[in-house]
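Q: Spelled out from the first residue to the last, the chains are:
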Amino acid sequence: MGSIVRTPHPREKRVIFKNIDRPGWTNDIDCYFNNGGYEDLKKALQMKPEEIVNEVKISGLRGRGGAGFGCGLKWSFIKPGGTKPTYLICNADESEPGTFKDRYIIHQDPHQLIEGMIISCFAVNARLAYIYIRGEFPEGAKILERALAEAKAYGFLGKNILASGFDLKIYVHRGAGAYICGEETGLIESLEGKRPYPRIKPPYFPAVLGLYMSPTIVNNVETLCNVKHIVRIGGTEYAKTGKPNNTGTRILCVSGDVQKPGYYEFEVGSITMGELINDICGGLKPGRKLKAVIPGGSSAKVLRAGERYKLKTKQADGTVVENEIGLEDIPMDFDSLTAVGSMAGSGGVIVMDDSRDMVWVLNNINEFYAHESCGQCTPCREGALWMKKMTDRMMLGGGLEKDTDTLKSVADNIAGRTICAFGEACSWPTQSFVEKFRDEFTVTAAKSGTGSPSTDPQQ
Amino acid sequence: MEIPSELETQINEVIAHYPVSKRSATLPLLHLLQEYFGYISEETIVWVAEKLGLGPINVLEVVTFYPMFHQEPVGKTHIRVCRTLSCAMAGGYDLLKTFCKHAQIGNEEGRHGHILKSMDGKYSIEFVECLASCGSGPVCMINDDFYEVVTQEKVPQLLEKYR
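Protein chains in written order, with the numbering used here: chain A, 4 to 462; chain B, 327 to 489.
Certain hints may be false.
[Stated by the list, open to error] Okay, the calculated bits of chain A under chain B, using three or more residues with CB under 8 angstroms as the criterion:
1. 95-101
2. 129-139
3. 187-198
4. 219-229
[Unchecked claim] Derived BS3-like pairs (lysine-lysine); straight-line CA-CA distance at most 27 angstroms:
5. K423/B / K197/A
6. K377/B / K443/B
7. K348/B / K172/A
8. K423/B / K288/A
9. K51/A / K162/A
10. K443/B / K162/A
Source of the hints: derived by calculation from the structure; they are not laboratory data. Cβ coordinates follow ideal geometry from the N, Cα and C atoms, glycine included.
Next comes chain A alone, as it looks inside the complex (with noise of 0.2 angstroms):
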């Protein structure tokens, strides 16, 4: 860890990852007690569960790992008094690429995690939760072992947690390479020693019927951090940080063509994309102009530089605004990304500058895809392929002349015909790709039969 190191940005702020890079800062449990460690919890232990679950509502926490759903009204779908018990799993298959948070957490500060994932335990009532760790963490692993370990030895782990009366018992489980194991319910097959085949909503909502068939939540590594600040500070006074439906802060990782990529957190809509790319990461390379930005992990739609959006903005007295902005002036929050035609996702951006040939960043991203389906749904299984067969052959010099139109064709057909949102996924990239960069696909595909002939490597 850490060749990006730095000191943080002034117009961070710093709460989830105040301890990440920090001179003298160590991830063992004495390091975290002489910083406030488990205060929190044992606030927490004070309160009702269904206070926290109320706190955690007010706040307006959106989920960190990409769907930015409600965190407080996804706890609140689990029905109290249930005669199935409630299970609690912890996200950490971070694997939506371009992103690059969670890793840091886990690895520096476990504790945070752990504290967080206890409240949030004692709010839903549920007495054995798991951390689904991407298994390309083994050291993250090991380290959230020792933490578990040491946090039980505290007492604040096992039975009768600090004389509350709750019980709760977390283990680590561990991935074993397979993207689509970050979608929910796949994850819970998973977990469940299976291939992670997602399920269909309805009726498998894991709140209803997730893991072994009972009420189950599962949230990311940095929504579980998230959920103690909740408690300590009151959901009110969090929800006066970022911007409303767009509360606290978030960890955003810049990778690409910048001069300081790296993880960055800011209050939730407090910088621009251009602030971030320029002022933050210190612009594009030398001589380098900007051409285009995934803004939330690879299935985010591609932003090209010089497109302009209508961006409605509320005002206090209620009223609506329209207003017409840039590429640059786009706020960094879930609505905004949302309102220009992308998302926020999973805070993973990703920068391209002029040097870059789309139809192979298209064609990177689509061998991504085709390889990570899980082959459950035939739109899926078979588009991820074909995209990235067609992709394949425009870079061999192999392609036809109407791929680019076959090729958003395909990807139409993807979205919207799957069981789970891989489909979205897959077909997001080449959908906004070709028609924003439609020119660079047609010239490619018009170099038909100027190279090799098509072949496809994989089969």
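Starting from the known structure of chain A, fit chain B onto it as the hints suggest.
A: Then chain B, alone, in the frame of chain A:
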């Protein structure tokens, strides 16, 4: 197939993490056994199935789905290079080629699910998808160790560490 008693104790402890369904222990058991034997053999699959009260097919279908499980031995030193966008933009494809050159792995292109090996069996390499460190690409894993900003010049030195 000989399972040392220490490993079996560890396996039994792991199974206890899943009081509702032993089947949940499939992935953890496969991880432990792959770590010990280096790969997942047919015998291992049958052993896991018996241990968890499953049919061998239930275990086989898991082994064949997840990219991290190998049904053949990999090299003593196994290298995983990230292939995904941000790393590719930072030179991930060239990194794989450079590793191949210095580890005498031949000059083939890396593909997923296609593990390339050196003639002496010391090294093996594969492309993997996003390792979640996109801001410090290109990145790779050598066995369980993670490395970031792996410029091509660092390759010989890195390989030396794992000789």
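Q: Of the hints stated earlier, which fail here?
A: Violated: hints 4, 5, 6 and 10.
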